[in-house]
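Top to bottom, those sequences are chains A and B.
Per full-length UniProt numbering, the very first residue in the first sequence carries number 1; after that it's consecutive.
Per full-length UniProt numbering, the very first residue in the second sequence carries number 1; after that it's consecutive.
Incorrect hints may have been included.
Stretch-level coverage of chain A by chain B, calculated; a stretch enters the list once three of its residues show a Cβ under 8 Å from a Cβ in chain B [as the list claims (entries may be wrong)]:
#1 33 to 46
#2 90 to 102
#3 106 to 113
#4 117 to 127
#5 132 to 140
#6 162 to 171
#7 184 to 198
Across the chosen pairs, the derived CB separations fall in these ranges [as the list claims (entries may be wrong)]:
#8 C34(B) to D69(A): 37 to 45 Å
#9 K106(B) to S212(A): 32 to 40 Å
#10 G59(A) to E22(B): 23 to 31 Å
#11 D99(A) to E114(B): 49 to 57 Å
#12 G59(B) to D99(A): 36 to 44 Å
#13 G210(B) to S146(A): 48 to 56 Å
#14 T201(A) to S222(B): 33 to 41 Å
#15 W203(B) to F14(A): 50 to 58 Å
Calculated directly from the structure, the hints in this document are not laboratory data.
Every residue gets a Cβ at the ideal spot worked out from N, C-alpha and C, and that includes glycine.
There are 2 protein chains.
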Amino acid sequence: MRRRDRHDDDPELFELLANLEEIAETTRIPALLCRLLEIYGLKSVAYLGSGLSAQPGQGPYLAVTYSDDWVDHYKAQRFVDVDPAVQIGMRRMLPIDWDTFDRRDKNVRRLFGEAAEFGLGRRGISLPVHGQHGDRALVSITSDASDRDWRHLRLYYMRDFQMLALHMHQAILRLEGQRMETASLSPRERECLLWVAEGKTAWETAIILGLSEHTVRCYLESARHKLGAANNTHAVNKAGKASLLSQIP
Amino acid sequence: MRRRDRHDDDPELFELLANLEEIAETTRIPALLCRLLEIYGLKSVAYLGSGLSAQPGQGPYLAVTYSDDWVDHYKAQRFVDVDPAVQIGMRRMLPIDWDTFDRRDKNVRRLFGEAAEFGLGRRGISLPVHGQHGDRALVSITSDASDRDWRHLRLYYMRDFQMLALHMHQAILRLEGQRMETASLSPRERECLLWVAEGKTAWETAIILGLSEHTVRCYLESARHKLGAANNTHAVNKAGKASLLSQIP
DNA sequence: CGTAAATCCGGCAGATACACCGGATTTAGG
DNA sequence: CCTAAATCCGGTGTATCTGCCGGATTTACG
Numbered sequence: 001m002r003r004r005d006r007h008d009d010d011p012e013l014f015e016l017l018a019n020l021e022e023i024a025e026t027t028r029i030p031a032l033l034c035r036l037l038e039i040y041g042l043k044s045v046a047y048l049g050s051g052l053s054a055q056p057g058q059g060p061y062l063a064v065t066y067s068d069d070w071v072d073h074y075k076a077q078r079f080v081d082v083d084p085a086v087q088i089g090m091r092r093m094l095p096i097d098w099d100t101f102d103r104r105d106k107n108v109r110r111l112f113g114e115a116a117e118f119g120l121g122r123r124g125i126s127l128p129v130h131g132q133h134g135d136r137a138l139v140s141i142t143s144d145a146s147d148r149d150w151r152h153l154r155l156y157y158m159r160d161f162q163m164l165a166l167h168m169h170q171a172i173l174r175l176e177g178q179r180m181e182t183a184s185l186s187p188r189e190r191e192c193l194l195w196v197a198e199g200k201t202a203w204e205t206a207i208i209l210g211l212s213e214h215t216v217r218c219y220l221e222s223a224r225h226k227l228g229a230a231n232n233t234h235a236v237n238k239a240g241k242a243s244l245l246s247q248i249p
Numbered sequence: 001m002r003r004r005d006r007h008d009d010d011p012e013l014f015e016l017l018a019n020l021e022e023i024a025e026t027t028r029i030p031a032l033l034c035r036l037l038e039i040y041g042l043k044s045v046a047y048l049g050s051g052l053s054a055q056p057g058q059g060p061y062l063a064v065t066y067s068d069d070w071v072d073h074y075k076a077q078r079f080v081d082v083d084p085a086v087q088i089g090m091r092r093m094l095p096i097d098w099d100t101f102d103r104r105d106k107n108v109r110r111l112f113g114e115a116a117e118f119g120l121g122r123r124g125i126s127l128p129v130h131g132q133h134g135d136r137a138l139v140s141i142t143s144d145a146s147d148r149d150w151r152h153l154r155l156y157y158m159r160d161f162q163m164l165a166l167h168m169h170q171a172i173l174r175l176e177g178q179r180m181e182t183a184s185l186s187p188r189e190r191e192c193l194l195w196v197a198e199g200k201t202a203w204e205t206a207i208i209l210g211l212s213e214h215t216v217r218c219y220l221e222s223a224r225h226k227l228g229a230a231n232n233t234h235a236v237n238k239a240g241k242a243s244l245l246s247q248i249p
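Please model the entire structure based on the sequences and the hints provided.
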């Protein structure tokens, strides 16, 4: 805990955010994570990104300060299926303190036990990040702070890392592709797709919108064409990820 | 700008977050927004939520400190279709400074001109919020700070309001329903649904996964049943919103 | 004043989805 | 040990989707 004794001015935070914007290669990310360790006096920082490239089957993106040993062990033991930080954190919106995890499960206890052996901090927070296109990330930090310090620090960590996590995700998205040419749907096309996404048939949608069934089909067809979708299901998925189905046009 | 001269300790922020967690009625939200005005020395705070109730056709949720006159005028003029804070902010992940908007469009200039007449600050920031289920929100704040002050303040505003916006959204979600019973899909069901969401037919999915077409149909059927979906399209939409289609199971 | 886009309508053939019927083995957990 | 769930396979009839053909008027923009 080097410079975290004063919480007054935080030029570091904004400097780090600027650095993230300037990064031009993914190879420089680990170094930046290490700077985070120093500045915030942490034991580890980890970034786990999912759904970055919009193609299924693509593995998650990982950038960590963990030792390679721990990463290999984690993968070999398939801890990702057990790890509450991932399982719960990836399904949340707000950051979560690892202290709140239920450790009664024996697999979970084993995970945290072995994590400690590999030098991860006893305390941890995971901050979920939600991108625009269904892409997600989880930024996790660990610390060895005492119980006293931790109660205060965690709040400041949550505050700063909420922003850092967001910008980190943005930077990685920028570097790892995810070019999403956003097609624009007409109001009617969007409306038809919206109801089809709710499980309505073309006929039902026609009733709801007061159109002929055939007209609905035409809108769906042009929506599919605009989105480059193979069928309605694909179109709904693409439009949903591009948040074209929200109420605000 | 009452107490914002010192950026050192921020008990206010964490107190506000605690208040947000304790709120039991939506009627108390406006009062909390007004406290934000005082504490941060702002001209206005606005929350705009979209897709909160998971039913289409539901209007957006609005909680603002604007005058009713401005809200009525804004709605009457359909400014939401023009407002770059909404149009751009809702499609972003990172917060955006209103100074960066392109004001060449005459409609945009009219919007900001009339906004100033109704007493909104000259400076503004909008912070997008992304929920887990496709729900979104935009928290916008305005200020009358001088150019000098603004350059520094905006960063601190972004930092604190990034957290405040998130917790505000969480509080409103909690109060405004959005109970999403998360069905759990088996790996195979999820996998089939994933490829169908990519526009593949059952036959193609069967080839990809090395299964018989009939087996794929069975998995899709049980997935639909688990999700309470009327058809594959509905199932993909539901599963996507519940982030059941991501790589991390 | 054109042009492009959005808004509407109809029909038809073939592909695909969907529901409902039947069966099987393997695996995890109480 | 037993049960539940997950993993697999086949058939059938009907509903729905999808692509492609043909029209129409209105609106916005340069």
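Taking the hints in turn, this is what the structure says about them:
1. Coverage of the region 33 to 46 of chain A by chain B is violated [criterion: at least 3 residues with CB-CB distance below 8 Å; count 0].
2. With 5 residues carrying a beta carbon less than 8 Å from a beta carbon of chain B, the region 90 to 102 of chain A meets the three-residue requirement, and the given coverage holds.
3. Proximity of the region 106 to 113 of chain A to chain B, defined as three or more residues with a beta carbon under 8 Å from a beta carbon of that chain, is not established by the 0 residues found.
4. For the region 117 to 127 of chain A, the proposed coverage by chain B is not satisfied: 0 residues have a C-beta within less than 8 Å of a C-beta in that chain, short of the threshold of three.
5. As drawn, the region 132 to 140 of chain A meets chain B at 3 residues by the rule of a beta-carbon pair under 8 Å; at three or more, the given contact holds.
6. Counting residues of the region 162 to 171 of chain A whose C-beta sits closer than 8 Å to any C-beta of chain B gives 6, which meets the bar of three, so the coverage hint holds.
7. For the region 184 to 198 of chain A, the assignment as covered by chain B holds, since 5 residues bring a beta-carbon within under 8 Å of that chain's beta-carbons and 3 suffice.
8. Between C34(B) and D69(A) the C-beta distance comes to about 53 Å, which lies outside the given range of 37 to 45 Å.
9. Look at K106(B) against S212(A): about 38 Å separates their beta carbons, and that is inside 32 to 40 Å.
10. A hinted range of 23 to 31 Å is violated for the C-beta pair G59(A) and E22(B), which are about 41 Å apart.
11. Between D99(A) and E114(B) the CB atoms are about 50 Å apart, so this pair conforms to the stated range of 49 to 57 Å.
12. Judged by the Cβ atoms, the range 36 to 44 Å given for G59(B) and D99(A) holds: they are separated by roughly 39 Å.
13. A hinted range of 48 to 56 Å for the beta carbons of G210(B) and S146(A) is consistent with their spacing of about 53 Å.
14. Between T201(A) and S222(B), the C-beta spacing of about 21 Å breaks the proposed range 33 to 41 Å.
15. For the pair W203(B) and F14(A), the beta carbons lie near 54 Å from each other, so the given range of 50 to 58 Å is met.
Comparing the model with each earlier hint shows violations of hints 1, 3, 4, 8, 10, 14; every other hint is respected.
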